[in-house]
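**Student:** Sequences are here, hints too, so could you generate the full structure?
So the chains spell out like this:
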Amino acid sequence: MKKIQPIVQTVVIGAIVLSLTLACWFHTPQAYSISERSELKQFPEWSSEAILSGKFMEEFEEYAADQFPMRDTFRAWKAFVAGKIFLQSDNNGVYEAFGHISETEYPESVDSFTHAKNTFDRIMANYLNDTNRVYLSIIPDKNAFMADESGHLSLDYDAFYQKWRDYCHETDVQYIDIVPLLELSDYYRTDTHWKQECIVDVAQTLAEAMGTTIPDDYVTHISDTPFYGVYSGRYALPYDADTLCYLTNEAIDGMTASERLDLENSREMPIYDLEKLQGPDPYETYLSGPLSLITVENPNASSDKNLIVFRDSFGSSVSPLLAQGYKSVTLVDIRYLSSRNLDAFLDFEGSDVLFLYSTMVLNSCKDTFK
Amino acid sequence: MVFSGIPFLFYFFPAVLILYFLVPKICKNGVLLLTSLVFYSWGGPSYLILMLISITAGYTSGLLLEKFDHRQPLRRVVMWAVAIIDLGFLAYFKYADFFIENFNVVTGLSIPLLRLLLPIGISFYTFQILSYTIDVYRRDVPAQRNPIDLAAYVTMFPQLIAGPIVRYSDIAVQLKSRTHTFQKTSDGIRRLIVGLSKKVLIADTFGKLIVAFRDSNEPSVLFYWIYAIAFSLQIYFDFSGYSDMAIGLGKILGFEFLENFNYPFISKSVTEFWRRWHMSLGSWFRDYVYIPLGGNRCNKPRWFFNILVVWMLTGFWHGAAWNFIFWGLMFAVLLVIEKLFLLKFMGQSRVFSRIYVLFFVLISFVIFNADGQSGYWSDIPALFGAGNLPLYSADALYYLKSFAVLFALALIGATPLPKKLYARIKSTRGGEIAVGIAEPLVLAVLLLTVVAFAVDSSFSPFLYFRF
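Chains L and R are the protein sequences, given in the same order.
Everything in the first sequence is counted per the numbering used here, starting at 15 for the first residue and increasing by one.
Everything in the second sequence is counted per the numbering used here, starting at 1140 for the first residue and increasing by one.
In case anyone wonders, no lab produced these hints; they're calculated from the structure.
All figures in this text were calculated on a predicted structure; none of them were measured in a lab.
Glycine residues also receive a C-beta, built at the ideal position from the N, C-alpha and C atoms.
Certain hints may be false.
[Unchecked claim] In silico DSSO-like pairs for lysine-lysine, Cα to Cα no more than 30 Å straight-line:
{"no.": "1", "chain 1": "L", "residue 1": "LYS17", "chain 2": "R", "residue 2": "LYS1167"}
{"no.": "2", "chain 1": "L", "residue 1": "LYS16", "chain 2": "R", "residue 2": "LYS1164"}
{"no.": "3", "chain 1": "R", "residue 1": "LYS1347", "chain 2": "R", "residue 2": "LYS1540"}
{"no.": "4", "chain 1": "R", "residue 1": "LYS1164", "chain 2": "L", "residue 2": "LYS98"}
{"no.": "5", "chain 1": "L", "residue 1": "LYS55", "chain 2": "L", "residue 2": "LYS384"}
{"no.": "6", "chain 1": "L", "residue 1": "LYS341", "chain 2": "L", "residue 2": "LYS290"}
{"no.": "7", "chain 1": "R", "residue 1": "LYS1323", "chain 2": "R", "residue 2": "LYS1167"}
{"no.": "8", "chain 1": "R", "residue 1": "LYS1565", "chain 2": "L", "residue 2": "LYS16"}
{"no.": "9", "chain 1": "R", "residue 1": "LYS1323", "chain 2": "L", "residue 2": "LYS16"}
{"no.": "10", "chain 1": "L", "residue 1": "LYS98", "chain 2": "R", "residue 2": "LYS1347"}
{"no.": "11", "chain 1": "L", "residue 1": "LYS16", "chain 2": "R", "residue 2": "LYS1347"}
{"no.": "12", "chain 1": "L", "residue 1": "LYS319", "chain 2": "L", "residue 2": "LYS209"}
{"no.": "13", "chain 1": "R", "residue 1": "LYS1323", "chain 2": "R", "residue 2": "LYS1559"}
{"no.": "14", "chain 1": "L", "residue 1": "LYS55", "chain 2": "L", "residue 2": "LYS319"}
{"no.": "15", "chain 1": "R", "residue 1": "LYS1439", "chain 2": "L", "residue 2": "LYS98"}
{"no.": "16", "chain 1": "L", "residue 1": "LYS98", "chain 2": "R", "residue 2": "LYS1558"}
{"no.": "17", "chain 1": "L", "residue 1": "LYS17", "chain 2": "R", "residue 2": "LYS1315"}
{"no.": "18", "chain 1": "R", "residue 1": "LYS1164", "chain 2": "L", "residue 2": "LYS17"}
{"no.": "19", "chain 1": "R", "residue 1": "LYS1483", "chain 2": "R", "residue 2": "LYS1439"}
{"no.": "20", "chain 1": "L", "residue 1": "LYS16", "chain 2": "R", "residue 2": "LYS1167"}
{"no.": "21", "chain 1": "L", "residue 1": "LYS209", "chain 2": "L", "residue 2": "LYS131"}
{"no.": "22", "chain 1": "L", "residue 1": "LYS16", "chain 2": "R", "residue 2": "LYS1315"}
{"no.": "23", "chain 1": "L", "residue 1": "LYS341", "chain 2": "L", "residue 2": "LYS131"}
[Stated by the list, open to error] Cβ-to-Cβ under 7 Å is the rule here; a few derived chain L residues that face chain R:
{"no.": "24", "residue": "VAL22"}
{"no.": "25", "residue": "SER33"}
{"no.": "26", "residue": "LEU34"}
{"no.": "27", "residue": "ALA79"}
{"no.": "28", "residue": "GLN81"}
{"no.": "29", "residue": "TRP91"}
{"no.": "30", "residue": "LYS98"}
{"no.": "31", "residue": "LEU167"}
{"no.": "32", "residue": "TYR171"}
{"no.": "33", "residue": "TYR175"}
{"no.": "34", "residue": "ARG274"}
{"no.": "35", "residue": "LEU275"}
[What the hints assert, rightly or not] Take a look, some chain L residues computed to stay more than 12 Å from chain R by CB distance:
{"no.": "36", "residue": "GLU72"}
{"no.": "37", "residue": "ALA93"}
{"no.": "38", "residue": "HIS183"}
{"no.": "39", "residue": "LEU196"}
{"no.": "40", "residue": "THR219"}
**Tutor:** Next comes the structure, spelled out in C-alpha cells:
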C-alpha cells in the first residue's frame, strides 16, 4: 500500500487536473450565461500595450473564470458546500426560505435615502407646480415577508416606510400605502418582482388614491415558457421555475406604447412583448423591460388626465393596469435617464406624478439615480 | 497570478509541469527561471527589471566576495554595497511615501507623495538575496557560479511573491541535484490541495465576514470580537495556506522548503508563538539582525534594545504604516516582559498561558488590520464596549450563526488535532489501507470544491501580497 498509494494519488489528481486543463484550453467560449443573465468575458485582445500594462492578464483572469467548463455545475457545487456543509445562512447574499429565493437587503443605506430625497426634491422644484398632484408609494421587497421569520438580516421596514411618510408629510406629497395589500405569494418564487395577476388590488388602490378608477375584470394569459427568475441563477442550485402570466381586457388591448428614443424619435412597442418570454429575462415581457422613457396611450380612456410615473422595474407590470384610468401614462426610469433635463422630453403641466419604487432600489440608489 | 486562481491552476502550472518534465535535467533550472519570470510578470512586467538588477547585484557580489577572499575590507564594501542597493530599492518603493508623509506632518511641509506601485514580492526576494550575500560573506556557503541557478533560486515562483523566505543555504544542494519521486509528488499534491483549501474555503470565506463587519451599521461588542477572531483565523489560514501551497509546489518540482508555520495558536507564550508563526521571517531577523546586534549575549538594557529594534523592523517589514510598527513594538514589549519574569509563571497553568497568548494575538491582529490610526484607536476600545456599544446586535448574531461551522472547522484546523488523528489512523494496518483509499478521493473532492469556489468568487488576492 505504501508504494501504491502515492502513485494512485498522483494519477487521480493528475487526471482531474489534466482533464480540466484540456477542457479549459480547448472548450468553445460561450457568449452568454443564461443562468447568470450576463455576458461572459471573451478572450482578451493581444497587444504589447495591453500586456505591458497588465490589462491583458487582468482580462484573461476574468475570461478564465467566466469560461470555465461546466461553470454552472461548479457554481451549484459551491452553493451546496456553502449551504449544506458550512451551513451558511446565505450564498453570496441569496437565500431560500418558505419556497422562495430572495436576496438580503441590508444594511440600510442612509446615503441612498438622502440621494433619493434630493432627487425627488429637485424633480418637484424644477418641473412641477400647483397644477400637479404628487404621490409616492413604496413596494416592499420579498425580504419584508421572509427575512424576519427565517432568521435573515433585513431592513427595519416600519422605520423605512415611516421615513418616507415623514418626507411626504414635509413636502406635501401624498403617501399611498400598498404594503398591507401585499404578501409573499404575490411575488415570483425565483424572482425579485411581483406577479401582475396578484397586484390588481394594488393597482386599484393606487388609482383610487390618485382619484381615478380601474376595473378588476381581466383575462389571465399563462405563459407556456418556464420562468426562471433572476435569483434562480444566483442561487445556483436547482429550483422549480415560476409561471409568468399577463392580464388583458378590452381597455388594455386598445392601448399603444412607445419608447422615446431621443428628442424627436420614438418607436412603437407592444404592451406585452411576448417574444421576451423566450429571452433571458421573461419579466421584460411587460413593456419590454428596462427602458428609460415609455409612454402608454389609452385611446379609450374616459379621463383626459395624464400620469407620469417615476419608477423601477416593478412599474412595468403595474402600469398597463394603471393606464386604464388615464389618457396616457409615461414611465420614467431615472436610472437610465438624467432627471436634470426631463422637460426636454416631458410636459408636466397638469399631470399626476407618482414616485413608485421598491425598497431595494430606494436603498441602493445613491449610485444609480441620475 | 494567484495559486488559487483558474489561470494558475489550469493554464500556467500544467504548462510549467509539461515543460519542466520534458526537458533534460540540465535545463530544468532554466525552465524554472523562465516560467518564474513569466509568473512574476503576469500582473505587468514593469518591475521585472528591478528584480533582475537585484539578482545581478547578488550574483556579482557572490563572485566578488570569493575573489576578495583574503581582503576583508573589500569584502565588507561588497556586502554593504549589495545591502544598500537591495534595501535602497525596498526603502524607495515601499517606504518612501511613509517617510515623506511623516516628514510633512513634522515639518508642516507638503512634499508631494511618490505614489509608487509596490513591486510584488520585493520584501521577500530582497531578504533572500541579502541572506545569500551575507551567507557568502560569512563563508557559510560558497558563491553560486551559475547565474541561472542563482536566478532560479530567487525567482522560483512557488515562493517568490509571498514566501516562505527560503534561504539559499537550505536549497543550494537541491539547485544542483534533486530527485522526483511519486512519494514526493504525492506529498506535494496533498500539501498543495490542503493549502488551497485553507486559502479558498476558509480564509476567503472569512474575508466575506470581515467585509460584512466593515459594512455593518450596527456595531456591537460581540461583532468586534467576531471580527477579531475571524481576522486572526483569516490571516493564519491565508498565509499558512500560501506556505503550504509553496511547499507543495516545491515538492512537485523536487524541492524541500522548510516549514513556515507550526500551529501558532496553541502556543503557551508569545515567545513560542513567534517560533511557530512565519518561522522563515523570524529566523531571518534572528540570524541577520538580532544576533549581529549582540542578541542576548550582552547586558539586559542592550538585550532589550536589540529585541525592540528587531520587532520594530519586523513590524515595519509588514507594511509602511504606523499600525505595523505598533504591532511589532507590542510584541517586543510582551517578549521583554516574558523574558523578565512572565515566562517563569507561564508553565504553571497551560490554560492561562494559552488564553493570554490568544488574547494578545487577537489584539495584535486588530492593530495589524486597522485602517489608519483612527482604526485601532476605535477598534480596540470597541472590543471592551467603549462608546456605549451594545453587547450584541442582530448582525452579530446572524453572522455568528452563519459562520458557526466555519469557525468550528477553522478552530479545529488551527490545532494539530487533525494531523494527529490522521497519523493515528494511519498507524494501524487497516487504517493505512483506509487512508490509502480515502485520501485521493478526499483530495479530489477538496480540489473540485476549491475550483468551484474559485469559479464562483471574484478575484481575491492573498493578504501577504502587499508585503
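**Student:** Hints first: check each against the structure and report whether it holds.
**Tutor:** Against the structure, the hints come out as follows:
{"no.": "1", "hint": "LYS17/L with LYS1167/R", "in the structure": "26 Å, holds"}
{"no.": "2", "hint": "LYS16/L with LYS1164/R", "in the structure": "27 Å, holds"}
{"no.": "3", "hint": "LYS1347/R with LYS1540/R", "in the structure": "14 Å, holds"}
{"no.": "4", "hint": "LYS1164/R with LYS98/L", "in the structure": "48 Å, violated"}
{"no.": "5", "hint": "LYS55/L with LYS384/L", "in the structure": "28 Å, holds"}
{"no.": "6", "hint": "LYS341/L with LYS290/L", "in the structure": "26 Å, holds"}
{"no.": "7", "hint": "LYS1323/R with LYS1167/R", "in the structure": "17 Å, holds"}
{"no.": "8", "hint": "LYS1565/R with LYS16/L", "in the structure": "11 Å, holds"}
{"no.": "9", "hint": "LYS1323/R with LYS16/L", "in the structure": "13 Å, holds"}
{"no.": "10", "hint": "LYS98/L with LYS1347/R", "in the structure": "18 Å, holds"}
{"no.": "11", "hint": "LYS16/L with LYS1347/R", "in the structure": "41 Å, violated"}
{"no.": "12", "hint": "LYS319/L with LYS209/L", "in the structure": "27 Å, holds"}
{"no.": "13", "hint": "LYS1323/R with LYS1559/R", "in the structure": "21 Å, holds"}
{"no.": "14", "hint": "LYS55/L with LYS319/L", "in the structure": "47 Å, violated"}
{"no.": "15", "hint": "LYS1439/R with LYS98/L", "in the structure": "57 Å, violated"}
{"no.": "16", "hint": "LYS98/L with LYS1558/R", "in the structure": "25 Å, holds"}
{"no.": "17", "hint": "LYS17/L with LYS1315/R", "in the structure": "27 Å, holds"}
{"no.": "18", "hint": "LYS1164/R with LYS17/L", "in the structure": "25 Å, holds"}
{"no.": "19", "hint": "LYS1483/R with LYS1439/R", "in the structure": "17 Å, holds"}
{"no.": "20", "hint": "LYS16/L with LYS1167/R", "in the structure": "29 Å, holds"}
{"no.": "21", "hint": "LYS209/L with LYS131/L", "in the structure": "28 Å, holds"}
{"no.": "22", "hint": "LYS16/L with LYS1315/R", "in the structure": "29 Å, holds"}
{"no.": "23", "hint": "LYS341/L with LYS131/L", "in the structure": "29 Å, holds"}
{"no.": "24", "hint": "VAL22", "in the structure": "6 Å, holds"}
{"no.": "25", "hint": "SER33", "in the structure": "10 Å, violated"}
{"no.": "26", "hint": "LEU34", "in the structure": "5 Å, holds"}
{"no.": "27", "hint": "ALA79", "in the structure": "5 Å, holds"}
{"no.": "28", "hint": "GLN81", "in the structure": "9 Å, violated"}
{"no.": "29", "hint": "TRP91", "in the structure": "4 Å, holds"}
{"no.": "30", "hint": "LYS98", "in the structure": "10 Å, violated"}
{"no.": "31", "hint": "LEU167", "in the structure": "5 Å, holds"}
{"no.": "32", "hint": "TYR171", "in the structure": "13 Å, violated"}
{"no.": "33", "hint": "TYR175", "in the structure": "19 Å, violated"}
{"no.": "34", "hint": "ARG274", "in the structure": "36 Å, violated"}
{"no.": "35", "hint": "LEU275", "in the structure": "35 Å, violated"}
{"no.": "36", "hint": "GLU72", "in the structure": "8 Å, violated"}
{"no.": "37", "hint": "ALA93", "in the structure": "8 Å, violated"}
{"no.": "38", "hint": "HIS183", "in the structure": "25 Å, holds"}
{"no.": "39", "hint": "LEU196", "in the structure": "23 Å, holds"}
{"no.": "40", "hint": "THR219", "in the structure": "32 Å, holds"}
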